[in-house]
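Same order as they appear, the protein sequences are chains A and B. Going by our numbering, the letters in the first sequence line up with residues 1 to 206, in that order. Going by our numbering, the letters in the second sequence line up with residues 1 to 112, in that order.
In case anyone wonders, no lab produced these hints; they're calculated from the structure. Misleading hints may appear alongside valid ones.
[Stated by the list, open to error] Okay, the calculated bits of chain B under chain A, using three or more residues with CB under 8 Å as the criterion:
1. 29 to 43
2. 52 to 61
3. 64 to 78
Ideal Cβ placement from N, Cα and C applies to all residues, glycine included.
Now for the letters of each chain:
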Amino acid sequence: MTSSVLSEHEEVNHDEHHHDAERTVLVSFGFWLYIISDCLLFATLFATYAVMSQSFAGAVTPKELFDLKFVAIETGLLLFSSFTFGMAMLGAHAQNMVRMKSWLLITALLGLGFLGMEIYEFMHFSHEGATPQTSGYWSSFYALVATHGLHVTAGIIWMSLLFVHFNRDGFSLDNMRRLSCLSLFWHFLDIIWICVFSFVYLRGAL
Amino acid sequence: MSNKHEQTHAGEAHGSTAEYVRGLIISILLTIVPFYMVMSGAWSDVATVIVISLAATAQVLVQMIFFLHMDGSSEQGWITMSAVYAVSIIVFVIAGSLWIFEHLNHNLLMGH
Chain A
1 MTSSVLSEHE EVNHDEHHHD AERTVLVSFG FWLYIISDCL LFATLFATYA
51 VMSQSFAGAV TPKELFDLKF VAIETGLLLF SSFTFGMAML GAHAQNMVRM
101 KSWLLITALL GLGFLGMEIY EFMHFSHEGA TPQTSGYWSS FYALVATHGL
151 HVTAGIIWMS LLFVHFNRDG FSLDNMRRLS CLSLFWHFLD IIWICVFSFV
201 YLRGAL
Chain B
1 MSNKHEQTHA GEAHGSTAEY VRGLIISILL TIVPFYMVMS GAWSDVATVI
51 VISLAATAQV LVQMIFFLHM DGSSEQGWIT MSAVYAVSII VFVIAGSLWI
101 FEHLNHNLLM GH
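Looking at chain A on its own, in the form it has when it is part of the complex (with noise of 0.2 Å):
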């Protein structure tokens, strides 16, 4: 298509989109280098319990309370709310606006079932006397995974403001950029915790 052929209309179109889709990459780039920067902050975090796994200080070990099936199913749902997120973000794709509520609804609630589980492992722990002044193992143990679960309740707050604007302005691009940024950070999510089950949970289980 050469730019003779198409009317002065056609090409100032033609520019608004080209600079509509310029943005978008630009936008997905700025959050990638978000999840990244994110990335060295739960390495941090990971280096951290890898140094204090051994640092019991004669309390109680994450042998004697680690329950793998109630992890299992902590990892179960994210797991699943990881995928009714891509689903989502295919509804959004095909401009269906029930379908792409419908799967986010569902992805919010699998996310808050995998919050509930969470806080109420941690009472349970604390509860055991495993609290995060117990030892350097449990410190570096609860800075882990709190972390983890505070950016699992940042993403929920961010899916139910996603709610109103989409209410509010449809499929617009904007709404469009916000939703594949959340999706980016949603998986991300996931990818950590198969971190968190199989180097805190996994093996601190054997």
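Take the given structure of chain A and dock chain B to it, following the hints.
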């Protein structure tokens, strides 16, 4: 609606239902295997730790490919570059910390 056309084409690849289902099934398998190994306790600790690490690495890659649609193509050059950068920093931070503190504990005769 020219906008509609623009939106469906704006941004990155967004996969298909089949791709997400495939990613989900592989992820479930890669979760069940290490959980089963630890819960049954039938294998040695060394073998179990190796399988846990391999399954975790594989699952991270599977989710990056099937859920985040990363494929290392030239349009994703900066994303791939920054991911490689992040992975190398992560390896330095974690391996370096463990190395330093192991020597520290050894020198202070805290290790056994």
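Here's how the hints hold up against the structure:
no. : hint     : result
1   : 29 to 43 : holds (count 5)
2   : 52 to 61 : holds (count 6)
3   : 64 to 78 : holds (count 4)
The structure shown violates none of the earlier numbered hints.
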